[in-house]
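Novice: The residues making up each chain are set out below.
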Amino acid sequence: MNSLQQWLSDESPETRWQASLGRSWRLLRMLMKNPLALLGSLIIIGLILIAAFAPWIAPQSPIGQDLGNRLLPPSSEHLMGTDELGRDIFSRVIHGSRITLLIVALVAIISAPLGLLIGAVSGYFGGWVDKLLMGITDVFLSMPKLILALAFVAALGPGIENAIIAIAITAWPVYARIARAETQTFRQSEFIAATQMLGASDTRIIVRHVLPLCTSSMIVRMTLDMAGIILTAAGLGFLGLGAQPPLPEWGAMISRGRTFILDQWWVATMPGIAIIVVSLGFCFLGDGLRDVLDPRHEGQR
Amino acid sequence: MSSSPSSLPAPSGHVITPHHARWLVIVRKLLSFLFVVALTFLALLAVTFFIGRIIPIDPVLAVVGDRASNEVYEAARVAMGLDRPLPVQFFAYVGDVLSGDLGRSVSTNREVISDLARVFPATLEMATIGIIIGVLIGVPMGVFAASHQGSWVDHIIRMLALSGYAVPAFWLGLVGLALFYANLGWVAGPGRMDVYFEGLIEPVSGLLLVDSLLAGDTEVFWNAVSHIVLPALILGFFALAYIARMTRSFMLDQLSQEYITTARVKGVPGWRVLWVHAFLPIRVQLITVIGLSYAGLLEGSVMIETVFSWPGIGNYLTVALLNADMNAVLGATLVIGMVFIIINKLSDVLYGLLDPRSAR
Chain A
1 MNSLQQWLSD ESPETRWQAS LGRSWRLLRM LMKNPLALLG SLIIIGLILI AAFAPWIAPQ
61 SPIGQDLGNR LLPPSSEHLM GTDELGRDIF SRVIHGSRIT LLIVALVAII SAPLGLLIGA
121 VSGYFGGWVD KLLMGITDVF LSMPKLILAL AFVAALGPGI ENAIIAIAIT AWPVYARIAR
181 AETQTFRQSE FIAATQMLGA SDTRIIVRHV LPLCTSSMIV RMTLDMAGII LTAAGLGFLG
241 LGAQPPLPEW GAMISRGRTF ILDQWWVATM PGIAIIVVSL GFCFLGDGLR DVLDPRHEGQ
301 R
Chain B
1001 MSSSPSSLPA PSGHVITPHH ARWLVIVRKL LSFLFVVALT FLALLAVTFF IGRIIPIDPV
1061 LAVVGDRASN EVYEAARVAM GLDRPLPVQF FAYVGDVLSG DLGRSVSTNR EVISDLARVF
1121 PATLEMATIG IIIGVLIGVP MGVFAASHQG SWVDHIIRML ALSGYAVPAF WLGLVGLALF
1181 YANLGWVAGP GRMDVYFEGL IEPVSGLLLV DSLLAGDTEV FWNAVSHIVL PALILGFFAL
1241 AYIARMTRSF MLDQLSQEYI TTARVKGVPG WRVLWVHAFL PIRVQLITVI GLSYAGLLEG
1301 SVMIETVFSW PGIGNYLTVA LLNADMNAVL GATLVIGMVF IIINKLSDVL YGLLDPRSAR
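First to last, the sequence lines map onto chains A and B. Numbering-wise, the working numbering puts 188 at position 188 of the first sequence, and it's gapless, one number per residue. When you read off a place in the second sequence, starting at 1, and then add 1000, the result is the number in the working numbering.
Just so you know, the hints here were simulated from the structure itself, not pulled from any lab data. A hint or two may mislead.
As the list claims (entries may be wrong) - Quick list of the computed label-pair ranges, beta carbon to beta carbon: (1) A/R187 <-> B/V1229: 20 to 26 Å; (2) A/S20 <-> B/A1046: 53 to 59 Å; (3) A/R187 <-> B/L1184: 23 to 29 Å; (4) B/V1106 <-> A/L67: 53 to 59 Å; (5) A/K33 <-> B/W1222: 34 to 40 Å; (6) A/R26 <-> B/R1022: 27 to 33 Å; (7) B/M1159 <-> A/R29: 23 to 29 Å; (8) B/V1229 <-> A/T203: 55 to 61 Å; (9) A/R26 <-> B/M1159: 38 to 44 Å; (10) B/Q1149 <-> A/Q6: 48 to 54 Å; (11) A/Q65 <-> B/L1042: 47 to 53 Å; (12) A/R204 <-> B/G1270: 47 to 53 Å; (13) A/G135 <-> B/F1091: 17 to 23 Å.
Stated by the list, open to error - Straight-line distance between alpha carbons at most 20 Å, and here's what the computed EDC-like set of lysine to aspartate or glutamate pairs gives: (14) A/K131 <-> A/D291; (15) A/K33 <-> A/D202; (16) A/K131 <-> A/D202; (17) B/K1029 <-> A/D138; (18) B/K1345 <-> A/D138; (19) B/K1029 <-> B/D1253.
On a predicted model such as this, the values are computed, not experimentally measured, just so you know. Just so you know, even glycine gets a beta-carbon here, dropped at the ideal spot from N, CA and C.
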């Protein structure tokens, strides 16, 4: 263990592998010193594990109905009570973590590379390409995201896929802005000029040399945005435009519990707590990551 | 970025004094503001037009019914202008919107524009009270947190600010209703006023609190207050979280400057250093933040209005969504989007005009 630590924190690494592993190791150690970031990463790791092992953790089926046991308050048998069809809310919340994770991951996979590419191209070429792309980006940035997502889902039809597409369409402009700013800081540096001199094509420079350098600020921003994505997805589910029944999506579950909120408070309250815990986890982790990866914002915590 | 020397020779040979230069700057900024806003509006229109085109519902079928013969169908299609090329259709659409024609709502059977004019004041009233709460509590909280950096109060305020990004507004609304309306009975339930007060007050401004006072009906006024208090507080919480977070970070920047140390060394009292020396310089930045969160509240009211059955534009939008009433959906999207864009850009331009450093 000790020699591994030494190998990782070696000041003069022998291979590229050792260097990048060592860098991740140092970042991880800095991150773990921040209690909130630690808590945040524990929550996210927990979310991933729960989603992966949902069928084994959940005591009951998320969609099996049991009308004899409907609207039972929380007890040792039903940790979060049961809903109007007698389904165990705890099991549904556990299974709902899969949907949340899926939405977050897909939105990130669609919107981040799109924004990254637009921003990097814009910052790398400059000139009229930059003006045009950033003009479009700014226009999208100054539009209300939630309303646009609502209108898109209304047109595409309700459903989890369309909700993901609608959120992704409204999420990319922020990433484009960041990637452009990042690209501009090293656009004039010598390693870019050297690669150009070696005869590398613009595509190669952007993909191999520009994009990798934008990723760290991108990861920070994405983690911070995750909470917003979760809230928007849950909001769409609440309005009946996201995941459809009987899928145990947290927002849709709150919407079902709305009818019973005055007497059977647990039906709507429990999924909301799950949303808050996971969103806070992403906020904490994002804040911590920013302090570690992006020391410029040190004072702004 | 030209620096501003005492006088600049103008192209025509006249000399522009700094006073004139300042006015020129303002005019130029306003013109570029109008240009950017117009461009963004056009893009918004393009988006709503595009959304209107990708709906799976065939607008012609919706009019003629599915039993119409091919000839009737074609005639209706031509009459609705759907046979023209897309760019032509888009310009016709822009013309319609500019002349205030947003189409007819299927569910209310009225012009969408008159529906929107009727419901908008309710949203404005709630969001305005929300932002007032957010500023009155959020700014002092941010200042206090910055002046007690690292203390437990600071940590609590930071947690509170972060939770503004993590708590779903509709959930908070539901829990608030269950607790303060159903269990404690401190506030009134959903809606803008009790049913038996409905229609008693003639709308003048559309803002119920103002209209009931104008009519001198204090009973309706207090009833309206008891209805608006909870949704406005919840909206205010989200504004507060953002405003407190930004105020704290601006204040920390100021408090670390050397002139603050100088002031303290000179023996300026602590409150004066805080509120005069440190706070006054950040007021311009704060205006931008407040403007942005005001725009955000107009958007956030969609969820809150749905939960509280608040008869505003957000509720109108969600009801239209559920009825697949696309004219109403797109109309509401356009109006919310335009107000959002105007506030957004206006706070940008205000920042530029009020901050002497950028007024060059």
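Novice: Hint by hint, say whether it matches the structure.
Specialist: Going down the list of hints, with the structure as the test:
{"no.": "1", "hint": "A/R187 <-> B/V1229: 20 to 26 Å", "verdict": "violated, 53 Å"}
{"no.": "2", "hint": "A/S20 <-> B/A1046: 53 to 59 Å", "verdict": "violated, 44 Å"}
{"no.": "3", "hint": "A/R187 <-> B/L1184: 23 to 29 Å", "verdict": "violated, 60 Å"}
{"no.": "4", "hint": "B/V1106 <-> A/L67: 53 to 59 Å", "verdict": "violated, 37 Å"}
{"no.": "5", "hint": "A/K33 <-> B/W1222: 34 to 40 Å", "verdict": "violated, 53 Å"}
{"no.": "6", "hint": "A/R26 <-> B/R1022: 27 to 33 Å", "verdict": "violated, 51 Å"}
{"no.": "7", "hint": "B/M1159 <-> A/R29: 23 to 29 Å", "verdict": "holds, 25 Å"}
{"no.": "8", "hint": "B/V1229 <-> A/T203: 55 to 61 Å", "verdict": "holds, 59 Å"}
{"no.": "9", "hint": "A/R26 <-> B/M1159: 38 to 44 Å", "verdict": "violated, 28 Å"}
{"no.": "10", "hint": "B/Q1149 <-> A/Q6: 48 to 54 Å", "verdict": "violated, 37 Å"}
{"no.": "11", "hint": "A/Q65 <-> B/L1042: 47 to 53 Å", "verdict": "holds, 51 Å"}
{"no.": "12", "hint": "A/R204 <-> B/G1270: 47 to 53 Å", "verdict": "violated, 59 Å"}
{"no.": "13", "hint": "A/G135 <-> B/F1091: 17 to 23 Å", "verdict": "holds, 21 Å"}
{"no.": "14", "hint": "A/K131 <-> A/D291", "verdict": "violated, 31 Å"}
{"no.": "15", "hint": "A/K33 <-> A/D202", "verdict": "violated, 41 Å"}
{"no.": "16", "hint": "A/K131 <-> A/D202", "verdict": "holds, 19 Å"}
{"no.": "17", "hint": "B/K1029 <-> A/D138", "verdict": "holds, 17 Å"}
{"no.": "18", "hint": "B/K1345 <-> A/D138", "verdict": "holds, 11 Å"}
{"no.": "19", "hint": "B/K1029 <-> B/D1253", "verdict": "violated, 28 Å"}
Comparing the model with each earlier hint shows violations of hints 1, 2, 3, 4, 5, 6, 9, 10, 12, 14, 15, 19; every other hint is respected.
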